[in-house]
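J.: Chains as they are written, first to last, in this note's numbering: chain A, 1 to 119; chain B, 1 to 493; chain C, 1 to 488.
To be clear, the hints were calculated from the coordinates, so they are not data collected in a lab. Where is the CB? At the ideal position from N, CA and C, for every residue including glycine. Please note: incorrect hints may appear among the correct ones.
[Stated by the list, open to error] Simulated restraints, written as ranges between beta carbons of each label pair:
no., chain 1, residue 1, chain 2, residue 2, range
1, B, Leu53, C, Ala24, 39 to 49 Å
2, C, Pro374, B, Leu296, 51 to 61 Å
3, C, Arg113, B, Ala43, 34 to 44 Å
4, A, Val97, B, Leu22, 17 to 27 Å
5, A, Val97, B, Ser361, 26 to 36 Å
6, A, Val97, C, Asp158, 49 to 59 Å
7, A, Val97, C, Arg231, 52 to 62 Å
[Stated by the list, open to error] Stretch by stretch, here's where chain B covers chain C in the computed footprint (C-beta under 8 Å, at least three residues):
no., segment
8, 66 to 75
9, 134 to 144
10, 152 to 163
11, 177 to 183
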Amino acid sequence: MMLLPGLFNYWLVVVLMMIGFYVVIAQGNLVKKLFGLNIFQVAVFVFYISMGKIEDGTAPILVDGEPVYTNPLPSVLILTAIVVGIATLALGLALAVRIRNAFGTMEEDEIDAAEADPS
Amino acid sequence: MITPHLPILEVVLPLVSAPICLILRSAVVAWWMAVALTWAAFAGALMLLGEVLNAGPITYALGGWAAPWGIEYRIDLLSAFVLVTVTAIGSLAILFARAPVAREIPADRVYLFYVMYLLSFTGLLGIAVTGDAFNLFVFLEITSLSAYVLISLGSDRRALTAAFRYLIMGTIGATFYIIGVGMMYMMTGTLNMADLAARLPGVLHLRTIDMALAFITVGLSLKLAVFPLHFWLPNAYTHAPSAVSVFLAATSTKIAAYALIRIIYTVFGGPAVFAPMPIDEMLLGFGMLSMIAASLVAMFQDNMKRLLAYSSISQIGYMVVGLSLGNVEGLAASIVHIFNHAMMKALLFMAVGCVFYRVGSVRLADIAGFARRMPITGAALLVGGFSLIGTPLSIGFVTKWFLLEGALEKGWWPVAAIVILSGLLALVYVWRIVEAAYFRAPAPAVEGIREAPAIMLAPLLILAAINIFFGIDGTLTGDLSIAAAQALVGTSP
Amino acid sequence: MTGSEALLAAALVVPLVGAALIVAAGRRPNLRDGIGIATAAVLAVVVIALVRDVLAGARPRLVLVEMLPNLSLAFSAEPLGATFALVASVLWLVTAIYAIGYMRGHHEHHQTRFYAFFAVSLSATMGVALSANVITLFTFYEALTLCTYPLVTHHGTDEAKRAGRVYFGVLLGTSIGLQLPAIAAIYVLTGGLDFAPGGILAGHVSPAAVAVLFVMFIFGIGKAALMPVHRWLPAAMVAPTPVSALLHAVAVVKAGVFAVVKVTVFVFGIDLLRSSGSSGWLIYVAGFTILAASTIALFQDNLKRRLAYSTISQLSYIVIGAAMLHPLALQGASLHIVAHAIAKITLFFAAGAILVAADKTRVSELDGIGRRMPWTMGAFAIGSLSMVGLPPTAGFVSKWFLLQGAVASGQVVVIAVLVAATLLNAAYFLPIVYAAFFRPLPDGAAQHGEAPLASVGALVLTSALTVAMFFFPELPLALARAFVAEGQ
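The whole structure should be built from the sequences, with the hints applied where relevant.
T.: Listed below in structure tokens is the structure:
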């Protein structure tokens, strides 16, 4: 069975993704939510890089007599995605700070209670 | 000289000017720059539309790298139509924005507002012109990230939490989208939409492609705020600054609808994909749920912005139902509703913005009887309201007619019934606003107010004129969307 | 553009121009009311000229704008539409005169708004009467609902607003909920929506679909006030009397029955309905409405409500005329549009005059009032006779044709309904006349005379028209004959 070892990376992706997703949903703390979101995104990065990898492939540098190399495109794409991810995380953290200043808390249930309060 | 590079100029000019505004740190300069750029983009979009109508789709290889290796911008009738819609809204909303922004946002941050506005505008245009699935993700995130910032600028502290929730939901949606794109890339080795469209039929039977379509549909539905995935939207539109509500309500969900049409029809081949993967039935179900459930919620709102936000979710249902019908009329309804809904919601949010500017509240109880003091705003609200209901001679009727035609052509009576029912529910919630505006005794806050300033009324009146004109003579938008739908469904005109 | 096409356009535009001028002259009441009367007079002349052309065989047609591919706002004049336009425009002129006496005598507020919306409503009525296809009819039908809403809620009280909601909800709910999908279905089935002699549906649909579509249309046209979608009409009685008189006895309700007849004849087609047998139920529904509404009217003490229920019952005469699918019955329906209009407007004028002069709204308060207001109550008596259908009034003419149609097509049910309705009508109208003239005035009754001259003059005029139509029915009869000839 190639299932487990051959698709090891993909299993990792699924596990990471689920962990990230769970944290986003289950955690009440805004910063923890953001970390969960980041784990979720990282899982996708791993997914992209895994699919570009070719067994025994080298780095994609053009040299004579080395025809097998890893597909560079997914790595490049993920570079872009990482930038987007960092921007998202930074913005999310900035919002979390502003929320903490405005509400005095970063726990979701306490914020909900404060919002329901009309004052 | 410039014309061949128009597609890229549309995107690059606002992108470059955003950091310039940031460096100059002047609200006045930033506003003038944003006005100049949005109007230039609008003119460019009109030129592109003319060119597409004359000579067919335009392709532009970014940096001279030919597709499928480089990123390709491809403008067909649908993109040109959406481009015109988005730039029209962008250029009208920026005119409207100056007065309310100066009041609602601290003076030292006003220039930042325009920076974010330009960035968001860039992203929207990028989505419309790109022919590359991954590039679409990048633009989607550019527009979303700046939208989060724009919403968080609202004066109420709840704007912050609304923006945060939107950020979480939006990021999950975008991530779902790239998961789907990655799966498609795994199976086909390309990210170019035209290339994908050519290669996907061969691998359509694979489960990976099933999953890809599922991930993309769910991801975009999150951005689109289809019914069970809509939770971010009402708060975001309610607590955002007036100008942001106008801009986002009219563009951000519409561009997501465009992306969904693009993926399902251009990339996956439309009706061909519905047979192996019944994604159309799923979308149809959720679209109808959106139409009814959101209207029912809207009926009980006392906050006008929140009411309009829920109405947006219901109207998004029209687009989703239209594209899931899988025939030309249905798809044309979706496409024309991108335009129609943008125009009517921008008009309504602008009218509400004018009321907020003078009265300082958007609660029905506080604004009672305002229409007597602000007759122009009141009339504009009335025009937008009729469009929402879809009475004849309003742009809403054009969409409704296409939808009914599409549903009845397939013999789907229940769908037609739901469309009609949703219009009746719209009648109820629109009439609540109209009654409050015209037929109730003036609230204390309404005494002594004046009509909104001219710079807010000008775009309001232009939008009202658009609403009326394209409602009475819907042939232009109707023909365009039918032609675009025919190109997408694959039946030659 | 030929002369009759220009008249067609003018019929739609004149009231709109009038409305704009009325708003512009809002600060000078005399000028404003003068403009109102002048507009109504010009419209009446235009429509009369148009009617003359139509009788001479002209069928002008005008495409205003193409709303969507294959879907245009278009107008044309044919005898039935011309009949309706004629009734509405001539009676508008009378109402305009009456309204001045009423609105000033009753010290109503917001008179400019009132007159402006009144004029716009008339433009919408012309649009209904002269529509060349179903979507145009639908559009102006909706417009008529919208621009009469401010008139219904004119008083701005909570009661008026509640009534406004019923009015709006029932009319828009039925038209958007039933009529619009039926129109869309016909468009999808046949690819067109133009009215055509003999109908457009034949050969395109199964009998079952015809039956379903017919039900959707009949109940989608809420303005015809067939039970159970009649509730809006009594609710609309909160409006000032000129509105009840012209709009809720003539323009709005006749737009409803006009649409029913027009759709029956020019969309479904007499032959198709007869062969598919899908309109038989309508005779029973309309017959039930006639009897039930008359019975309810019997127990109404508020005079305007009694008149409203009488209207509901009389409208169904027209519907039943269409449902019999017989040439004579269709002539009766066309004639009854005219006959009921002039008689019922007389009754409403009288009710309004009583309100203005004596401040009375209840039937039980009218003892002996005929001695104080002989002209008003005399006119009321003539209107009542016409409602019952006795000579020498207009009601007799139309009822005669309806009965002949019923006999010729062997509809025993209709004959029975008409006879019973005559008795019921006599039972709820004649006691009012009796009480007004033959009962003594109650002790200590307030001193009052007739209503203002403009109002009394108007109601005398319409009662004279009611009698005149009995002796000189040529014009409406010629139009009715032309309509039936065209509809075959």
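J.: None of the hints should be skipped; say for each whether it holds.
T.: Quick rundown of the hints versus the structure:
1. Our hint of 39 to 49 Å for Leu53 of chain B and Ala24 of chain C holds, since their Cβ atoms are close to 43 Å apart.
2. In this structure, Pro374 of chain C and Leu296 of chain B meet the distance hint of 51 to 61 Å, their C-beta atoms being roughly 58 Å apart.
3. Taking the beta carbon of each, Arg113 of chain C and Ala43 of chain B are about 42 Å apart, inside 34 to 44 Å as hinted.
4. Judged by the Cβ atoms, the range 17 to 27 Å given for Val97 of chain A and Leu22 of chain B holds: they are separated by roughly 21 Å.
5. The hinted range of 26 to 36 Å is satisfied by Val97 of chain A and Ser361 of chain B, whose Cβ atoms lie roughly 29 Å apart.
6. As the Cβ distance of Val97 of chain A to Asp158 of chain C is approximately 51 Å, the hint placing it in 49 to 59 Å holds.
7. Range check, Val97 of chain A to Arg231 of chain C: about 59 Å between beta-carbon atoms, so the 52 to 62 Å window is met.
8. For the segment 66 to 75 of chain C, the stated coverage by chain B holds: 6 residues have a C-beta nearer than 8 Å to a C-beta of that chain, and at least 3 were required.
9. A count of 5 residues in the segment 134 to 144 of chain C with a Cβ less than 8 Å from any Cβ of chain B is obtained; the coverage claim is therefore met, three being the minimum.
10. Here's how the segment 152 to 163 of chain C fares: 3 of its residues keep a CB closer than 8 Å to some CB of chain B, so the rule of at least three is met and the hint holds.
11. With a threshold of 8 Å between beta carbons, the proposed coverage of the segment 177 to 183 of chain C by chain B holds, since 3 of its residues qualify and at least three are required.
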